[in-house]
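*Asks:* When you get a sec, could you build the whole thing from the sequences and use the hints?
Chain by chain, the residues:
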Amino acid sequence: MKLLTCPMNGTRPLSEFVFGGEYRQAPDQDTCTDAQWAAFVHNRSGAPGDKKEWWYHSPSGTWFIAERNTLTDKVTRTYLLGQNNTTQEEGK
Amino acid sequence: MPLRLLKFALSKEHPAPRFFKSHETPKKSYDVVIIGGGGHGLAAAYYLAKDHGITNVCVLEKGYIGGGNTGRNTTIVRSNYLTPEGVNFYDASVKIYEGLSEELDLNLFYSTRGHFTLAHTESAMRTMRWRAEVNKHVGVESRVVGPDEIAKACPQLDLSCSGQAPILGALFHAPGSVARHDGVAWGYARGADRLGAEIYQNTEVLGIDVKNGKVCGVKTNKGYIETKQVLSAVAGFTPRITEMVDLETPIVIHPLQACVTEPMKPWLDTILVSGSLHVYVSQSSRGELVMGSSLDPYEVHSTRSTLDFVEGLTSHMLDMFPFLSNVKVVRQWAGMADMTPDFAPIMGKTPIEGFYLDAGWGTWGFKATPISGKTMAQTIANDSAPDLIHSFRLSRFEDYELTGEKGAASVGH
Ligand SMILES: Cc1cc2nc3c(=O)[nH]c(=O)nc-3n(C[C@H](O)[C@H](O)[C@H](O)COP(=O)(O)OP(=O)(O)OC[C@H]3O[C@@H](n4cnc5c(N)ncnc54)[C@H](O)[C@@H]3O)c2cc1C
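Keeping their order, the protein sequence lines are chains D and C. For the first sequence, this note's numbering assigns the number 25 to the initial residue and increments by one for each residue that follows. For the second sequence, this note's numbering assigns the number 33 to the initial residue and increments by one for each residue that follows.
Do not take every clue at face value.
To be verified - Counterexamples of contact, computed for chain D against chain C with all Cβ distances above 10 Å: (1) L27; (2) Y47; (3) R48; (4) T55; (5) A62; (6) H81; (7) P83; (8) W87.
As the list claims (entries may be wrong) - Far from chain C, some chain D residues (derived; all Cβ distances over 12 Å): (9) T35; (10) T96; (11) N108.
To be verified - The calculated lysine-lysine pairs, modelled on BS3-like cross-linking and capped at a C-alpha distance of 30 Å, are: (12) D:K76 <-> C:K438; (13) C:K94 <-> D:K98; (14) C:K184 <-> C:K94; (15) D:K26 <-> C:K360.
The hints are simulated quantities; they were obtained by calculation from the structure and are not laboratory data. Note that the Cβ used here is the ideal one computed from N, Cα and C, for glycine as well.
*Replies:* This is the structure in structure tokens:
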């Protein structure tokens, strides 16, 4: 991956982007156990595969979601959170 | 060694000596199965046999031994860490390294060079003082030095760093060393083999059988092996192994890259590290400058190399050594670093009975090869981890007892 498509600014060089880690859903604080919360805080799904991730386009300050395979480093889609109905092809 | 050489010279036959026996297929069962034939796995096999008399052991390596991060690192060995538990642990490793060529009867080219961590800012100087005090307290030789002493040890260094980031001082760590990394893997392999352990290359673990929370065997491309004890020592492949047993960990994989220049006459005696410039460099016994930088900025399970890396690294190298502008980089490569949130390893027992983890070695695990082998062997033999690695247990995350090592590792290795 050398280029990444920002949903707001189009395809840009990777150097303009910052990796924000995997997109994760927190467990319900009121009902989860201490162990579940600690696991959420620390553990990650480290095995390779298709992941939903946070990325940041720093010149424009845009946080967005990229769906990427962490083994092949191929991005399939990028979109603003909650707007994942539009498919954008990643530049090859 | 000289006697062996003499015998070899006088002999009529000159067969290439094999370092370890090659076996056809693994046996039906072993007392201990070690996944990963890197330095850590092979050292564990060696100490299981040597310290504990456990020899019904096999090491399964999916590629060739030492072909993982063991053969890809920049070979810096040091113990000038920030936390007392870190300093104690790595110091124990340095002490074994110092006698290891002798013990394994193999020249590991272990070369004590002295290690300077350069400080370009007041806040970096503060961290150096802190580390020096912790090191001295634990009995490790580290002290803060000024620019004069750095210039004396390395007159070629431009102390102003091209005016970009003038050097204010450094943490000097006398025991800092480099070694021949593949030699460490081969030495432990031969040692383990001689004591009875079996080493299988091109043998990949595809699954781990767990019944009622206990390990009972592993599936490999060479058949099923029964065992009650499995050690995972696979560095950058750890999340793939822990997934086989449904074990969650904080480990994520980022590539770490390195490169070497063409060989030169020896001029750089010491090991130099600059956190601000993201550079570490030493000169190998072959004369190449061995150079590394910080971790790649995002998760990828790959050993691909990038041009960004060499461009960034060499521009900072030129800030430090402008005279290198005509020297060529001849080779670059990458390994997969198994990173933890607190820059400390994850070692010891897990919630699965008989499944032991030696992981989270990130950018810093080569120096720990001897002591991790020794302490993991102890953990497996006694089914209980020694005090030296208590702080590195997997359950520290659930207990919110992370180590404080991250602060000292702006460029970890
Ligand atoms: C560029 C770079 C520079 C570094 N610099 C330093 C440094 O200066 N100082 C330092 O202390 N550390 C350094 N490190 C870190 C150090 O190299 C590692 O932490 C250390 O070598 C890990 O050793 P290991 O034996 O645990 O893993 P490895 O040597 O990676 O061995 C793991 C083995 O497991 C095998 N394997 C994986 N999956 C399976 C499977 N399913 N079945 C069978 N076998 C499997 C792999 O093929 C591999 O050979 C650096 C790392 C890199 C990448």
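*Asks:* Now tell me, hint by hint, if it's right for this structure.
*Replies:* How the hints compare with the structure:
{"no.": "1", "hint": "L27", "result": "13 Å, holds"}
{"no.": "2", "hint": "Y47", "result": "13 Å, holds"}
{"no.": "3", "hint": "R48", "result": "12 Å, holds"}
{"no.": "4", "hint": "T55", "result": "18 Å, holds"}
{"no.": "5", "hint": "A62", "result": "5 Å, violated"}
{"no.": "6", "hint": "H81", "result": "14 Å, holds"}
{"no.": "7", "hint": "P83", "result": "16 Å, holds"}
{"no.": "8", "hint": "W87", "result": "15 Å, holds"}
{"no.": "9", "hint": "T35", "result": "17 Å, holds"}
{"no.": "10", "hint": "T96", "result": "8 Å, violated"}
{"no.": "11", "hint": "N108", "result": "21 Å, holds"}
{"no.": "12", "hint": "D:K76 <-> C:K438", "result": "27 Å, holds"}
{"no.": "13", "hint": "C:K94 <-> D:K98", "result": "25 Å, holds"}
{"no.": "14", "hint": "C:K184 <-> C:K94", "result": "47 Å, violated"}
{"no.": "15", "hint": "D:K26 <-> C:K360", "result": "25 Å, holds"}
Checked against the numbered hints given earlier, this structure breaks hints 5, 10, 14; the rest are met.
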